[in-house]
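Enquirer: Same order as they appear, the protein sequences are chains A and B. One gets our numbering by counting positions in the first sequence from 1 and adding 1 to each. One gets our numbering by counting positions in the second sequence from 1 and adding 11 to each.
Don't read these hints as lab results, they were simulated from the structure. Small disclaimer: the values here were computed from a predicted structure and weren't measured. A few of these clues could be false.
Estimated spans, in silico, between C-beta atoms of each pair [claimed, not checked]:
(1) B:Lys190 - A:Thr202: 54 to 60 Å
(2) B:Leu175 - A:Leu97: 36 to 42 Å
(3) B:Met222 - A:Leu97: 33 to 39 Å
(4) A:Ala61 - B:Met222: 56 to 62 Å
(5) B:Gln108 - A:Trp173: 48 to 54 Å
(6) B:Gln195 - A:Met28: 42 to 48 Å
(7) A:Pro179 - B:Gly86: 45 to 51 Å
(8) A:Leu97 - B:Asp83: 35 to 41 Å
Computed footprint of chain B on chain A; a stretch qualifies when at least three of its residues, placed anywhere within it, have a C-beta under 8 Å from a C-beta of chain B [what the hints assert, rightly or not]:
(9) 57–69
(10) 74–81
Selected chain B positions facing chain A (Cβ under 7 Å, derived; list incomplete) [stated by the list, open to error]:
(11) Thr27
(12) Cys40
(13) Ile44
(14) Gln49
(15) Ile55
(16) Tyr123
All C-beta atoms, glycine included, are put in the ideal place defined by N, C-alpha and C.
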Amino acid sequence: MSATTSTDEFIKGLWRENPVFVQVLGMCPVLAVSNTAENALAMGLATAFVLIMSNLLVSALRSFIPKQVRIACYILIIATFVTITDYAIQAISVELHKSLGAFISLIVVNCLILSRAEAFASKNTLGKSLMDALGMGAGFLFALFCLGAVREILGNGTLFGLALFPDNFESWIVMILPAGGFFTLAAWLLIFNAINERRGTS
Amino acid sequence: MTESPAISTNASTSSTKMLVAMVGIGILCALLIVVTFQGTLPRIERLRAEALAQAVFKVLPGTSQTRTFFIDNSGQFTEMVAEETAVTKVYAGYDQQGQLTGVAVEASGQGYADILRILYGYQPQSQSIVGFHVLESKETPGLGDKIEKDANFLANFEQLDVSLAEDLKQLQNQVVPVKQGEKQHPWEVDGITGATISSRAIGDILGASTMEWVPLIYQQRGNFELNRDSQP
Chain A
2 MSATTSTDEF IKGLWRENPV FVQVLGMCPV LAVSNTAENA LAMGLATAFV
52 LIMSNLLVSA LRSFIPKQVR IACYILIIAT FVTITDYAIQ AISVELHKSL
102 GAFISLIVVN CLILSRAEAF ASKNTLGKSL MDALGMGAGF LFALFCLGAV
152 REILGNGTLF GLALFPDNFE SWIVMILPAG GFFTLAAWLL IFNAINERRG
202 TS
Chain B
12 MTESPAISTN ASTSSTKMLV AMVGIGILCA LLIVVTFQGT LPRIERLRAE
62 ALAQAVFKVL PGTSQTRTFF IDNSGQFTEM VAEETAVTKV YAGYDQQGQL
112 TGVAVEASGQ GYADILRILY GYQPQSQSIV GFHVLESKET PGLGDKIEKD
162 ANFLANFEQL DVSLAEDLKQ LQNQVVPVKQ GEKQHPWEVD GITGATISSR
212 AIGDILGAST MEWVPLIYQQ RGNFELNRDS QP
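Only chain A is shown next, with the shape it has when bound in the complex (with noise of 0.2 Å):
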């Protein structure tokens, strides 16, 4: 029984409470670092690395955290591994440090992170939490890939720098500002619901 609920914690973020798709939270980074694809899947993954180390905290501390100061708590915990991912990201190499560096601090103010922290983890065992993160954690960081990778091909006519047209190609620089961010999201919004009503009337 256990088993199928845990399974159940890591499929809904996916799909279901997708963070970004169906609970529209973190938008700070979603609109400003998706504008690359290679960009936007290392955000996904250094936010993914932050919701699970500090729902695991959290989880682990719930009963020790007094509910009136929680909330400073869990920014602690949160900016804690943030501080984390901004060294090991430095240490493992200086150029995506270099094209991330700005947002990485960012993590710390994503309101997915804190939510998780506040909705799920501080309510629920160890194994739950760590499978509600990384539910939540993939399904941020597709929510990010897939905006990332259209701006990208719209915008710069690449995929992870790779030319996909003819040299003649004009590219949507609007689709690289953040104005193309919102477009993007709106669009991607727009097919998630449509594919999520259909299969409801169906």
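Fit chain B to the known structure of chain A by using the hints.
Expert: For chain B alone, coordinates are given in the frame of chain A:
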């Protein structure tokens, strides 16, 4: 009203608990950060040094070996033998025959998002900047980071004029940024549309740094020549 005494006793007992929780988590978090910082520091420093060493080869075309110099107490460029920190260093490059290919200088200044650190190659023979590389930038991905990728912009630094005036103490023309497509003189840095602030910042950083360093390096260019242990 009957509940109020209960609440006040609750509050007094739980305030100790709150304090313990906050302090405890604080200490745990501090410990985690310190461990990570200490653990990654050697590797981060090594990667930074490697990136810098590779950048020297990039900004000085034809370089096959490099040496590090610093300004000693008498104001002379001296080769650095032992590792020293907290001194301003420049990096001289040499080709296969041991001829000086140029001197790479690090410079930094305010960009759009944060401090930009760049490295540029100065060639005393042609009195020009022959290469440019961004060491550290937090410019907006997709916009400001064009200063590292835009071919038209990078072409500025293949032969950027930094000739000295006759007194050898200052530049004839300071390096200045201009709008994209308005470059008319060999000492102007053509900007990037869509990365205006970042590309202007590069022009300004170069302008300030070359004013300071180019006269010094040119006057002492003899110090950089390989006079001993020449290449076979």
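Enquirer: Hint by hint, which ones does the structure fall short of?
Expert: Checked against the structure, the hints that fail are numbers 11, 14, 16, while the rest are satisfied.
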